[in-house]
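There are 2 protein chains.
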Amino acid sequence: MDEQNRDNGPKITKSIINAPTNPMVTPLLTDLYQFTMAYAYWKAGKHNERAVFDLFFRRNPFGGEFTVFAGVEECIRYIANFKFTEAEIDFVRDAMPGKCEVAQLLETTLVNLVNFASLVATNAARHRIVAGKSKMLLEFGLRRAQGPDGGISASKYCYLGGFDATSNVSAGRLFGIPLKGTHSHAFVSSFMSLDEILEKSLRSADGSTLCEDFVNLVQTWLNKIQRTKFYGGFGETNLSELAAFTSYALAFPENFLALVDTYDVLRSGVPNFCAVALALKDLGYKAMGIRLDSGDLAYLSCEARKFFQAIESEFGVTGFGNTTITASNDLNEETLDHLNKQGHEVDAFGIGTYLVTCYAQAALGCVFKLVEINNQPRMKLSEDVSKVSIPCKKRCYRLYGKEGYPLVDLMVGENEPAPKVAERILCRHPFNESKRAYVVPQRVEELLKCYWSGSSDKMREDMLPLKDIRDRCIRQLEQMRPDHMRRLNPTPYKVSVSAKLYDFIHFLWLNEAPVGELQ
Amino acid sequence: MDEQNRDNGPKITKSIINAPTNPMVTPLLTDLYQFTMAYAYWKAGKHNERAVFDLFFRRNPFGGEFTVFAGVEECIRYIANFKFTEAEIDFVRDAMPGKCEVAQLLETTLVNLVNFASLVATNAARHRIVAGKSKMLLEFGLRRAQGPDGGISASKYCYLGGFDATSNVSAGRLFGIPLKGTHSHAFVSSFMSLDEILEKSLRSADGSTLCEDFVNLVQTWLNKIQRTKFYGGFGETNLSELAAFTSYALAFPENFLALVDTYDVLRSGVPNFCAVALALKDLGYKAMGIRLDSGDLAYLSCEARKFFQAIESEFGVTGFGNTTITASNDLNEETLDHLNKQGHEVDAFGIGTYLVTCYAQAALGCVFKLVEINNQPRMKLSEDVSKVSIPCKKRCYRLYGKEGYPLVDLMVGENEPAPKVAERILCRHPFNESKRAYVVPQRVEELLKCYWSGSSDKMREDMLPLKDIRDRCIRQLEQMRPDHMRRLNPTPYKVSVSAKLYDFIHFLWLNEAPVGELQ
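Protein chains in written order, with numbering that gives the first Met the number 0: chain W, 0 to 518; chain L, 0 to 518.
The set of hints was computed from the structure by calculation and includes no laboratory data. Since this is a predicted model, take the numbers as computed values, not measurements. Any given hint might turn out to be false.
A pair holds if it fits inside one copy or across any two, identical chains being indistinguishable in the list.
[Unchecked claim] Capping the alpha-carbon separation at 20 Å, the derived lysine to any residue pairs in SDA-like fashion look like this:
id: 1; residue 1: K493; residue 2: Q218
id: 2; residue 1: K82; residue 2: P22
id: 3; residue 1: K419; residue 2: F56
id: 4; residue 1: K223; residue 2: V316
id: 5; residue 1: K42; residue 2: A204
id: 6; residue 1: K42; residue 2: L282
id: 7; residue 1: K42; residue 2: L193
id: 8; residue 1: K82; residue 2: L173
id: 9; residue 1: K42; residue 2: E195
Model the full assembly from the supplied sequences, consistent with the hints where possible.
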């Protein structure tokens, strides 16, 4: 998966391949028909035949022209640890009308492991493209995800697709993803008044002094803020909110980030935050910032920014104007795009529901099709041409042009020669005979690599750490020609076949499809 | 959860509550801010306060007016087994800027466990309503589900919502759901010709005779079919398909169900199926039926039915006309509705992607809000009135009318008297002062029950087997007034508050919301 390793060829890894992350990924996590078919194959004496399957999808998700392929590692973990327990065999034997043989029953599980992984990684990558490189993207989706490992997988693959951090502690622990989080509305509304705060002292950041009554310091700052000109027409702030912020700052003086929309962002949340932040500043701490979770995020972020800047100049607090503003609340690709068009002052986006459930398109249509058995090519026909599969064991290449962009991907039969740099090669649409182009690649990248060859001792590519896969994903996306990646009417990125493979597909097709008779 | 148990009151269950189905459901499956807040609560001395949270959603999914609430059992399993390992505590300590106390950090996990469960159960119930009671509904979604337990949860909760069976073997084993499955296109295309079948003998159903060459018997029947008038204009069938069907029948003579659309449904798949089915019939077996997975399902099912009926009368095979037709291929609520309108002959529907990913609406917005702390009611305010939460620990009742339909649900404060049968009670919209109605209930059902009271020894409702929960769900849906359940413009089913609770909400609201000043 990492092109940088290409020059050295595949590596041998001696380390054990761990079991799948989710212990529920067992050989039984499959459709019943995989067992019935395995039994029928065995009855027909076909269980020793060598079969080749392609795992692929037919259409890129979200109306786009790219997909981040993800989930290979979990597939390899599953295959490398594929073993039935006695109890599992007993269950299958009872569930099936016949005796069951152990066979390679991988289809459903592999497709399951790749489908959502690729879908959500692609979704994350699309959010990154819209948000731009400079913004911090936080995945906050666990509570709305499709079940426990819907949430855990989403955290993993959103990070892979270009997010910076997650709120999901379990994913942080399992995959080493940076963790981010603050507090909720419930925290704010659990406080009634400043009197509830019993432990009021706070030591300064350098440890040199102790502020005996931090609550009083906060109140002093709030009074100062309320007397400024720019505070103007606002009335009192909500004091239970102030109590919550103050408590939180006492617990986390180094990490004070306040959710400011429980009562009223501009009249209460932002001034309360500033009072606490300025009190922290007196003790040598720098507040992290605010989070907006409702309302007009473009407007509120701009107003909050003005307020921070006014504080900076009024009280001479250098850098206060740049206090981080995080926004959340049902964000998605489209709302990010709208925010950009309106103009906003948000530095970080917390994205949940629409990201992790892939709301705009909740499934990717990965399929797993037989393309060769016992060296005989096989092909699935269909009245719907988009459902016809491409036969033969294949090799795939990405051909790059002069400007460094990928021009086209090319599939060739396993035994055909690889395309060569600076050599002209005919690339054909697999089904449309008039669509073809000669390509002279400036660089050729082989896309299919071997991550599992039937045994853990054999040669195979290294499994990279998640961070490295993420880096590669970001690099790969950056090298694409921008018009393939834009949200509106992206230019299709083409996947072609060699002339030889084209001819073979159509020979086989005519050979297998019945000819109708009209009377 | 089961109203039939009401009369006997809650039961004490001595049995141990099992761990969550998915071992990944641990105390770390939560947002980081739950830990930071727990620490801040502890620092503020609030960790011994008694808090009440409501878990609720604001809008029914799929444009409907009902939701099947599901997921309680997994929540209880999680709570009853809530315990940090040493390693987990170490991780939280490192991840957090401060020492962590163990606290009740349930929000994210509970919401996660309820959200998707309720969403997909509701989706299943909606499919059942459209399909009608008489159809068999099969959940085939594992491969397209959002990850491994997206698939397993979907199988569980689709069954709860009214489906009949699943293809997911793991779900069958975990939850006792009936399993269904046949074979795939890959199975069909893995065969080349009838010559591949080496073991050709098949014993008759009653064991009395052995057919030495079942393949020949199938071919004989195919020839007979091809000579009939109704076969008419069709040419040869695909013989690799015939080989696959024959092999499958040899393996599963009792359960022969054929996928007939690999090459051509009417020219190849259906006649091939009939040849094998009639050969099986000669040996005393009854074929299960066919599955259609592409094309115009209404048309193809009607044509297939005609063909079966023609076979029945041509060869005098009683009942052959009723051979089961199963349809799959990207079905959803809307396509079922269209099929009904066009007229079709499908007996069973296999539904996958759109069902298990809840494609029409991929998330439910369950939230978890603090409503009381230390006996003090709390309420979350918001500029958006739909986001305001209803304070106080509450009791909920369903009030039934004369015709047996539920009229309205009513929330009252914990210490208010319960509504009584035949006594008039005022029910008010929680936020709209002019919406109110007097209700004289003919029956009152208490909706909130205690499934966990802090310890496994205490009184609590029984956890019912999945089958019983499913039965209750079906009964509950059937008793709703039909206009609440229809797909187009359903009548809203109302949830109201008592007059006393209404007054209290608005008193608290005015008390807590800041008053703006205009200049």
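Consistency of the hints with the structure:
no. : hint          : verdict
1   : K493 <-> Q218 : neither (63 Å within a copy, 45 Å between copies)
2   : K82 <-> P22   : both (13 Å within a copy, 19 Å between copies)
3   : K419 <-> F56  : neither (27 Å within a copy, 59 Å between copies)
4   : K223 <-> V316 : within (14 Å within a copy, 94 Å between copies)
5   : K42 <-> A204  : between (75 Å within a copy, 18 Å between copies)
6   : K42 <-> L282  : between (78 Å within a copy, 19 Å between copies)
7   : K42 <-> L193  : between (77 Å within a copy, 14 Å between copies)
8   : K82 <-> L173  : between (23 Å within a copy, 18 Å between copies)
9   : K42 <-> E195  : between (75 Å within a copy, 11 Å between copies)
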